[in-house]
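Colleague: 322 is the number that my numbering gives to position 95 of the sequence shown; each next residue is one higher, with no gaps.
For the record, the hints were derived by calculation from the structure and aren't laboratory data.
Keep in mind it's a predicted model, so treat the numbers as computed, not measured.
Some clues are possibly wrong.
Said to hold, decoys possible - Derived Cβ-Cβ restraints for the label pairs, each shown as a range:
no. : residue 1 : residue 2 : range
1   : 341       : 484       : 35 to 41 Å
2   : 480       : 447       : 19 to 25 Å
3   : 433       : 409       : 35 to 41 Å
4   : 341       : 282       : 17 to 23 Å
5   : 338       : 495       : 45 to 51 Å
6   : 348       : 409       : 15 to 21 Å
Heads up, the beta-carbon is just placed ideally off N, CA and C, and yes, glycines get one too.
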Amino acid sequence: MKNLAVVPLALLDVRPWHPGAFGQIGWAVLGFTLASALVYVVNDLADRERDRLHPVKRNRPIASGRVSTTAATVLAGLIAASLTCWAVAGPAWQWWPTALYLALSVAYSQGLKHVPLVDAFIVASGFVLRLVQGALLVGGRISEWLALCVFALCLMLALGKRRHEMTAAGRAHRPALRGYTLAFLDHLVVLVAVLTAVSYVLYLRDDAALAAGASFVTLLSAPCAVFGLARYLQLLLVEEGGANPVHVLFRDRATLVNATLWAVLVSVALLLSRP
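Construct the entire structure; sequences and hints are all you get.
Modeller: Laid out in structure tokens, this is it:
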């Protein structure tokens, strides 16, 4: 789900659209899906004892014992082999975002996940690498403002998840939470939400490759973006929810309607801008 949400953002630049572009995006999604799956299996193996202290994570297959450590290790090996086959199928220089993502994930798993702030920043950086991977494969330009917007949005969600975990499960299952307080996280989440909104508007103004007639349509998406951020903050800070962004997207009616409207506006603008 995360890869489907971020990698195709490279197609917001309509200039490299060609018959094979969507296939290349699908190839990038496949590669990052394999990389993400490998990271999740390895992390769940390493964190199985700590996950058993968490009211939700203790139900994960490895932590709950439904999947043995031997079976999980074999699965990780199969995923790693598949990822290797994926990488050798194309030029090596195109796969550096995936390789860097794996390197960051290893560093995260080996100790950086216990360092406050660094843990959330690494998670957000992984989503920027997904965007870069998609852009490399389709030959599109990587907008600095769009990359910053993706980073800030994902950082806000990562910090929001940590805030929810502090209120729901305490600090025992995630040592990095000892470096946070609720007030500190509240300030950080709002700060990063503002950065997300500003960078999105600047992307629309400076970098969006749109035809003149499509610019107004895309401008209408800005209020949708701001509303989405405000609604998430309301769920997180007022209603003490928002731990799982996917659940928010599909279960919160206001968020779902807003996201659909945003997607329609952006899609119309892109279609109007096709050369």
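Colleague: So the hint says 35 to 41 Å: do the beta-carbon atoms of residue 433 and residue 409 match that?
Modeller: holds (36 Å)
Colleague: In this structure, is the beta-carbon distance linking residue 348 and residue 409 contained in 15 to 21 Å?
Modeller: holds (20 Å)
Colleague: Range first: 35 to 41 Å. Now tell me if the beta carbons of residue 341 and residue 484 are that far apart.
Modeller: Holds, since residue 341 and residue 484 (Cβ atoms, about 39 Å apart) stay within the stated range.
Colleague: Should the hint that residue 341 and residue 282 are 17 to 23 Å apart at their CB atoms be regarded as holding?
Modeller: holds (20 Å)
Colleague: Can the suggested window of 45 to 51 Å be confirmed for the beta-carbon pair residue 338 and residue 495?
Modeller: Taking Cβ atoms as reference, residue 338 and residue 495 lie about 47 Å apart, which means the hint holds.
Colleague: Could you say whether the range 19 to 25 Å given as a hint is met by the Cβ separation of residue 480 and residue 447?
Modeller: Once the Cβ atoms are compared, 21 Å apart, the range 19 to 25 Å for residue 447 and residue 480 holds.
Hint compliance for this structure: no hint is broken.
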